[in-house]
Each structure stands twice: as structure tokens, then as C-alpha cells.
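These are the residues of each chain, in order.
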Amino acid sequence: MVQSIAIAGNSGPRVRSDCEITLEMKERGGINIDLTSKVKTLYGESIRSLTIEILEFFGIKNASVKIIDSGALPFVLAARLESVIKQLIDTDLEYLQELIIENTGSTTRNRYRFSRLYLPGNTPGLMINAGLHSADGIILDLEDSVAPEKKDEARILVRNALRQVNYYGAERMVRINQGDRGLEDLRFVIPHNVNLVLIPKCESTNYIKRVEEEIYNIKKEQSLSLNLNLNLNLNLIPVFLMPIIETALGVENSFEIARASKDVVAMAIGLEDYTADLGVQRTSEGKESFYARTRIVVAAKAAGIQPIDSVFSDVGDMDSLKQNVQASKALGFEGMGCIHPRQIPVIQNGFAPDEREIEKSKKIILAFEKAKRQGLGVVALGTKMIDLPVVAHANRIIERAIRLKLLYPDWIDTFREED
Amino acid sequence: MVQSIAIAGNSGPRVRSDCEITLEMKERGGINIDLTSKVKTLYGESIRSLTIEILEFFGIKNASVKIIDSGALPFVLAARLESVIKQLIDTDLEYLQELIIENTGSTTRNRYRFSRLYLPGNTPGLMINAGLHSADGIILDLEDSVAPEKKDEARILVRNALRQVNYYGAERMVRINQGDRGLEDLRFVIPHNVNLVLIPKCESTNYIKRVEEEIYNIKKEQSLSLNLNLNLNLNLIPVFLMPIIETALGVENSFEIARASKDVVAMAIGLEDYTADLGVQRTSEGKESFYARTRIVVAAKAAGIQPIDSVFSDVGDMDSLKQNVQASKALGFEGMGCIHPRQIPVIQNGFAPDEREIEKSKKIILAFEKAKRQGLGVVALGTKMIDLPVVAHANRIIERAIRLKLLYPDWIDTFREED
Amino acid sequence: MVQSIAIAGNSGPRVRSDCEITLEMKERGGINIDLTSKVKTLYGESIRSLTIEILEFFGIKNASVKIIDSGALPFVLAARLESVIKQLIDTDLEYLQELIIENTGSTTRNRYRFSRLYLPGNTPGLMINAGLHSADGIILDLEDSVAPEKKDEARILVRNALRQVNYYGAERMVRINQGDRGLEDLRFVIPHNVNLVLIPKCESTNYIKRVEEEIYNIKKEQSLSLNLNLNLNLNLIPVFLMPIIETALGVENSFEIARASKDVVAMAIGLEDYTADLGVQRTSEGKESFYARTRIVVAAKAAGIQPIDSVFSDVGDMDSLKQNVQASKALGFEGMGCIHPRQIPVIQNGFAPDEREIEKSKKIILAFEKAKRQGLGVVALGTKMIDLPVVAHANRIIERAIRLKLLYPDWIDTFREED
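Chains Z, L and B, in that order, give the protein sequences. Mapping of the first sequence onto the working numbering: residues 1 to 419, in sequence order. Mapping of the second sequence onto the working numbering: residues 1 to 419, in sequence order. Mapping of the third sequence onto the working numbering: residues 1 to 419, in sequence order.
One chain only, chain Z, in its complex shape (with noise of 0.2 Å):
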């Protein structure tokens, strides 16, 4: 016998911003729409609306629908509707909703990502607003954060989040699940120009070819489709790698990981895996993952990408935070990822140029325009020559610091008198 009856979303007390869906299919009878929502009277006719849309986008005629809502908006409606009725027929189909200009944009290889912002991908509530606290990204989870009986419809609401979002310039990123299902992951968050991809308990090579090659075939067959709604071409948009390092396997062949594609950005520690792994408790001194957590930095920047830092789990405790942020930086991390907004400003700070930094980009940018005016091919600082990486380093440091309100924006004009 074939289901007839499926449920999806979350409802309740402490429910926000969600939905919760169930659908019957029916022989007969027309659409019964039954709907429970604090703002019935506002929006219960758009809710309607939408979900008579959709049903007839996925060629329903007769079915029952009970929703409980929680202030869902329409993207969270669309995923939640979207999710019982793939329960329930089996379709290709996608119901896409616009991809908003705003989450039309790409980033670089190599801008920071002091911070990011973990969000669970089935928790709709938390990703409104996520953007306002001006994380350097925003991770939709799709793994550890999700139940497993919750991880399909999670794939759905995170796809909708990616088009409808606003994420106010944070870089827009996903972690997916390990192994097989984190390469069907792909398929719901590639064309929908997600930035970048966590790969969880990444411990080959092999598996990042294996998702390189996953995204090529996607953005292969997403070129041939109509085009979105937009004339985004996905071929020319990067989509970078940021494999997680939590296994002793993991440590080994982190060099390896690190340039085992060109998209990859970014490699992180996760902590709390790793000490699982090892069979160790973890402490705040950290001797048991100071040989994992100091190799993961060089074979990071020996790849020429960014090394990220564990997660800091007592959200509670900003002193020790702080404190963390400091040493992860003094050991070379560029970033750590936060699971609160309150740790987001602690963390930019925490690894935001120092004085020091400031001071010396400043010495070598100045260094390389004095060279440029003089034609000269070779710059050099003192007897030391520099090259154009360490020019390019400085200027990232410097734009940093401008944005941090470190320093003016025409602090360089001040010297070019003097000079």
C-alpha cells in the first residue's frame, strides 16, 4: 500500500517563524485547506494562496492539508509543503522560488572568515535575522544539528533559505552530511548559489574530488536547464571548500585535503569530534589536540589557504572566549566558527589585525607605491625584497582595518606627503 498521509516542519510553544504540514492525499473532493495561525486574519490569505499554488505546481487535486503555523513565511511555507508531498509522490520537480538579488553575489578566494555563524538547517526562525550580526558567513547545518528523521525535509527549507534569505553580505555557506548523503546534499544547495561547502569528518582527498566532481555535474546540467531567474551563470561563480578536521585520519592527510582542489578556501578543527575520535576528554588547556590543532595550521597555510579553530562551546563564558580567540590567533587560526550571535563580535575582534599587523602592512604598502613611482621592479623593505603575495597580504590587512574603524580610509595620503 502506498503512504497516503505525511507530516512535516515543527509546531509548538517554542516554535517560530516555522510550520508544521500534514498532507492526505485524497480520490476526490477538491483541496481542503485546515489552518491554525496566530496571524490568520493578515496573512491567512496568502498562506491559502501559496499552498493551492504549489499543490497545483505538483499536479495535486484532491487533498487534504492541515497546517499549523508559527508565523512562517513563505519560503518556510513552500519548503515545508514541498517536503510531505515528496513524501508522498515521487517528482523531480522543484518548487523555486526567486533567487533575491541580494544572494546573487559571489566572494573570494581569500576574504576573511574570522567568523561564521552555525545555524541549524531545520530551525527556520534562526535564519531570518542570522545576517544582522554581521558574521563574516552563515552556515545552513545539515548534519550534526539535524535529526536524521529530519534531514530530508531540512534539505528542502535550507534550498528556499539560499534563494530568500537575506543575508546581508555574510557569506552564505552549508555544511552538508558525511558521505553519500552529504553528495546528494549538493543537488539542493549548488544552483542555488550557495558561496561555500563544509565538508564534515573530511579525512581524503578522495572525497573532495568526489564532491568537486558532484559540483561540476550539477553546474553542467544547471547550464542546459533554463537558467534560473536570473542570468546567473553558475559556470563562472566559485564555489568554495571547507573541509572539517575531526578524526586522526583526518589530521594525517590534512596537508593532502588542503590542495586537493582548487576551491578549497578554508580547512577547520572541530574539537569536540576530534577529542571523541582520540578517546580523549577535552580540556581547556587543549595538550590533546595542540599537535592536531598546530599541524592543521601549517598544513593549511603551507596549501595557501585559511586555517579555522573549533568551535568555543560554553556560550555563556565571553572572558574565556576571548582568551581563546587570542591564543587561536597567536598560533596562526584566521577564524572559528560560533554557535551564538554573542560570540560573533568577541571573534571578529579577537582575530581583526592588531596594531602591529597595521603597522607593517602599512610600512610595506607604502613601500611597494614609493617603488611603483620610481619604477623600480624589485620592492623591498630595508634589505628585505617582497613580493607581491605579502603586498596583497598587507592590503587585505589595512581594508580590514578600515572597516573595523582601525584606521582612515586616506591614512595613506597623511604618508605620501611626508615621503
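No lab work stands behind these hints: they were computed from the structure. One or more of the hints may lead you astray.
Treat identical chains as interchangeable: a pair holds within one or across any two.
[Stated by the list, open to error] PhoX-like, lysine-lysine: derived pairs with alpha carbons at most 25 Å apart:
#1 K151 - K384
#2 K360 - K287
#3 K151 - K372
#4 K26 - K86
#5 K322 - K287
#6 K86 - K262
#7 K219 - K209
Predicted, not measured: the structure shown is a model, and the values here were computed from it.
Please arrange chains L and B on chain Z, whose structure you already have, making use of the hints.
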């Protein structure tokens, strides 16, 4: 001129359970035995008859035998006698005593190896009751604890001990010598159901391969010849390998060594030799070996085998040993060698699963049981999926906790009711 | 228009043992020399005649030469003059002075390299008495201590110094530049019996191979041409290599680099550049470089070469230097660069063998001597076998101890009697 007189074994006021035998080959006159022993009245006759039996076995008809006995058991007397005989005549014969039923067992890849007691391979007095100390393993050492001129006789003694000494359930291990001599040592231990071979100063996968091949060859020959005195199919019984890393080169190749053979189940570090190779002094803080130790933990875990820490030399200082074990476990080591029986309980308890590990293991096992009862394909703890190796590991922790009386054997029943 | 005027060398109130030469090529009028020198009365004539000799050697008949002399020795004057000439005319000729007898020696692979003094390659004032400080090695630096626009003239000065400066037994080293310029530098040092070449910012075995090949080619060409002014067969004299690891990529490849060529005898780490590559601040505690330093020690020892630590920058703080050296030796380093002569004795004494090492070496040598006297094939200390590299190492320790007057040269005789 062919040598006609030989000596083997030990005598003297501090020697126990050993004997010194001097054999002189004669042209005529039959067998003359000159026995000195405190237990002559009780055992004189059996010593004489065993001596005559062995001489006959090797076809010796005329000889003078001088035995200074200090309470040698038959396996020791037989070993010493075979040693003097083989110094004088060239023979492939081996006088093999019964392989006692307790020594016919095999062990498993993942069993705990918290403690293993080193015994000098040519000192029978220490072997006889070694099994009573409940170490996870007992090592008969042919390498550093045996003087060069005693190495040949130690092989025969170790061979006999493997057949005759009751280990009371401890894993039966032998440390072979380095290089070619180590490969030759294998002929003396592999046919006698050794459970695990320690490979000292291991520096390359190549040597592991040679050991593996030699073991394979010995087993093959053995299975063609009369199969001991038991129906023991050696080809079905694994001989596990534990390479010991004792040099910088070994550290460099540690990951490759750890996975050089499916029979490698653990990898140890030997700090006395390692610090000597580095030309540094071994300190209690251990900064000089921190890199090597943490790297070996990661290499071993990445290869799915047990990382084993170095022995602690000061057998009088139990407090420092205890701290040492705690620090060792905190880094991920799963065991440590012992050079004195009194170290065993400290090491056993130190590496034993702690409260936190036991609690976590319970949760994992309960989640697994529940998922099985509910017919779920996926096991999860919270939102986190749990795979089978994690369940197996939890089971090992629970078993050890029960064995150490840290947990009641029926703990699970209490929980099932609550469920 | 072809350039007709050139300048080389240094002048000014703080310049010693150098000269600044301005050469202007003329159509006619012969050679005009304008010499300013405090030692004009004493050396004016010899300066003039050397100048004329060199101009003639390069076929220059009409020129105006302005020399501001600050006490330049002939090898400096010759270098400066050749530098200005080569800026104006294109020639493969080299004006080579005598290779003094003290500089015709070779060194050995395993000799101690506790201290090596860095000298800027274009500052002759520091070169002349550098050998008096008894460093194990003296480095003429063509890389970071020479400004880009001075690099060409530094090569010629270093070449002349290799031939003419007495190093009083110090190993004669040159640090070449990075990349292709470094390979070109070799033509200026290899034919002049340099003992060891330092390769800065080494990141790959490939570059070592290129250096090795270039050295081979230079030696081959050299052996075909007139062989200097001595019967020195360069092909028989090794040029040792010391790569310097200064980046994360160098650390990742350090083991491969250490064994990339049989001529690599030591590997150093340069922490100023390394911490810059990691983007971290160098601290006195050194947590940020602990992984890299310990990894390099292991990589070097695994390859059988000497690990050398970074220079200590604060030339005024002798106490911290001393602690630094102790910590460095405790980790296994066997030497350290010096940037000031006063650092040399602290470093020499700090790395010198200590009481424990000397005692152990004595025992090893005595055991070896005894085994030799007794005609034994195997040397043992206690039950532990000793192989020949261990004996050789003990001999080196004893030699150094005697040189540092920590041991009487005839120590062994006392023991032999006791034996």
C-alpha cells in the same frame, strides 16, 4: 678442531629456577651426569631421566654433563640442555614439550592492552609466576634485556616458556631482536602460538613486510609438518604485531608503519632509545618527546590501532607513575609497558575507563538497543548519528568497566525498565 | 645610448675597510685615477697599480676612476673595481686573486656546527677579523642582509673574500638568494672552494636538486678549465648544503628536503620569516613555532643530518640567549645562527656536550675498545648492543670535550689501567 665442550644457563647465589649446564662430548664411556642441586633428593631422578631422554633425542651416546641446578623446572632444564647440545652439534631437531592447554588460545585485535610486563628472555625465575599479576600482556624479551652472548640460549628458553608456562590469560608476547636476528627469532616463537610479536626500533614498513612474510612462511611450513601435539591450525590463529618506535626515522614513518600490515594492532614508543637517537636528555616534563608522542597517537588512531606509551623507569615512584599514566591517557595513549609487577595495578587502573566514558558508553549502547527494538536503520544520540565502530568501542568500555567492578553486569536492565 | 658611468662600493663616516669607486669610460686620454684615502701616503701607490692592473686585465684603456677609500684591502678594491667595470662592459672574465692556502681545505659531513656567524655579504669591514671569534662557521650572506641594488656587487665581493680572507678554521659558508638568483649566485662561490651553501626559504626537494645539478655543472666546467692556481680537484671536495626552512610549506616538506641530496648535512629553521608566513607574532615562549621546530628536529635526525635552530635576535640579552640555547639543545637542536660575535661563546658552550654525554661517550668508547681487544664481533654496554654510528658519535663528543678543555686528551689511559 671441532669444539667439544659447551656451557649454557646461569648459576650463582641469586639465581632462581634456573640451571647451568656444561656438556662435554666424549668418544666413549656413555653418559655421565654430575648433578648439584638442593632438591636432589626430591627431583634428582627426574632431572637425570629428562637429561638422558633429551641426549638420546639428539642422538648423543657419550658425554659428560655437569648440572648446577637452582630449582629449574623441566622446560628450563630442557632449554639449557638443548642450548649446550646445539653449540656442539649441528641439528634442525627441536626437543618440544607439550603446549599446555592454557596456551592454545588466540586473542583479538581490539582487546585492551593497558599494561604489558617486560621479562628478560633468559631469566626463567621471573617467568614462572608472571601471569599472576594480571597484566594484559606478558613480554618475553629477546632484545635489550639479553646480553649478546646469551641471545641464542634465550631463544630456546623463550620457546619452551611459550609452550609450558601458564600466563593466566595474559596475552603472550615476545619482543624479537632488531634486523636479521629478529627475523630468525621468529622461527623460535611463531610455531608455539605466540599471540603478539613486538618489533623493536621499527623504522620502515619494509621491515614489517619482512616480518609478515617470514611469519607466513613459518606457518606454511608448520602446517605441512606434524601439527604440534594439538590440532591447532596456526594459519587460522593471528599473530599480532606491535612495532616500537624508538628513533626519529621511526617517528617520520609512523603512520605508514601503523598500517603496514593488517596484523599490526598497536604501536608503542620507546623513549629511552628515542631520546638517545635525538641526542637529548629524557625529562619528566617531556617537552623533548611531546611531538613524537602526540604524532604517534595520531598515526596509530588514524590507522585504527592502539597507541602505547613508553615504560616509566623509576619503579620505586608510584605517585609519579600514576601522574604519568594520567597524562598519557589524556593524550590518547591506551597502554604502557611495565618493567616491574608493582607498576601493573597503577597502570591498569589509570587507563581504565573513567566515569565520563562509562556514562557515554551506556548512552550509546542504550540508544543502539532502542533503535534496534524500534527497527530503525539509523542510530542517533540527540541529533548525532552513531555508527557501528562507536557502538563496538562503547561495548569494550562497558566490558572492561564490569571486569574492573566499576559497573554491575546487569546495569542495562535497570535502564530498560525506565525506557 | 650605452651607459658610460657606474658606481660601486660604500663610503661615508661609518664605513671601514671598503671603498667607493666611480668609473667613467672615455674615448681617449688614458687612465685617470682620483684617489681619496687616509692611507694614501702608505698605500696610494699599491692602490693605483692594482687599479691599473685590473683595468688592463679587462682591456680598458681610457677611463676616469674616482676612488674614495676607507681602508679597503686589495680583495675589496678588486671587487669594487670589477663591479663597476661589469656594469659598463659585457665580459665573462673574472679577475681572480690567489686562493690562500688556508682556504683550500675541505670539511666533513658530521663536524659540529654549533655556531655560525652571519655577515652581510657587502660589508667588508666585518669580514676581515670574523674568523678570530672561533665560530664553527662563517656565513657570507647574499640574501636578506644585502639590499636589492647591491646584490650584484656583493657577489663579487663574496667571491674575492672566499679566496683571500683567512677564516681561521671556521667552515666557509655562503647564503645564496632565493629562486633563480640563488642558482646564479652559485657561479660566484662554487669555484672558490666554499664549504657549505645555505639555501634560504627552501620549500621543495626540487630546488635542492637544481642547486645540486648547478653545482655539478659548475664543477665539471671548472675541471676542464685551468684549475685555479692550485692543484685543487674540486670534484673531490664536497660542497655541503644547509637548507633553511622559513615557511609552512617548507615545514610540510622538511623530511623530504632533509634527504633530497647526499650533500645536505644540516637543516635550519628561520623563525622570523616562518612566523611572518604563519601571520603570527614571534614570542619568547615560542608556542607558535613549537610544532615546526620539533618537527624539523625529527625530520633532520630521521635523515641523519643536523637540526639547526633559528638566530636569537636580541644581541644585548645574553641571559635570555643562554636560556634559549639550553631549551634549543634540550629539544635536539645542534646549533644556532649568530648575528653578533658576542653570541658565539654562549652558543658554543651551550651546545657543548655536557657531563652526562661525556660520561656516556666514555663508556661507549671503553666498551668498544675492550670488545676490540677481546676480538669480539659485537660491542655491548650492559645488555645493550652498540653499533658503529653510536661509537662515531661518542668519539665526536669526546673530541669536542677535549677541544673545549672539558676532558684531558689522555683520559682513556687512566681507564685502560683500571680495566
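To see whether the hints hold, each was checked on the structure:
no.: 1; hint: K151 - K384; in the structure: between (55 Å within a copy, 11 Å between copies)
no.: 2; hint: K360 - K287; in the structure: between (32 Å within a copy, 22 Å between copies)
no.: 3; hint: K151 - K372; in the structure: between (55 Å within a copy, 20 Å between copies)
no.: 4; hint: K26 - K86; in the structure: within (15 Å within a copy, 92 Å between copies)
no.: 5; hint: K322 - K287; in the structure: both (19 Å within a copy, 18 Å between copies)
no.: 6; hint: K86 - K262; in the structure: neither (36 Å within a copy, 45 Å between copies)
no.: 7; hint: K219 - K209; in the structure: within (15 Å within a copy, 42 Å between copies)
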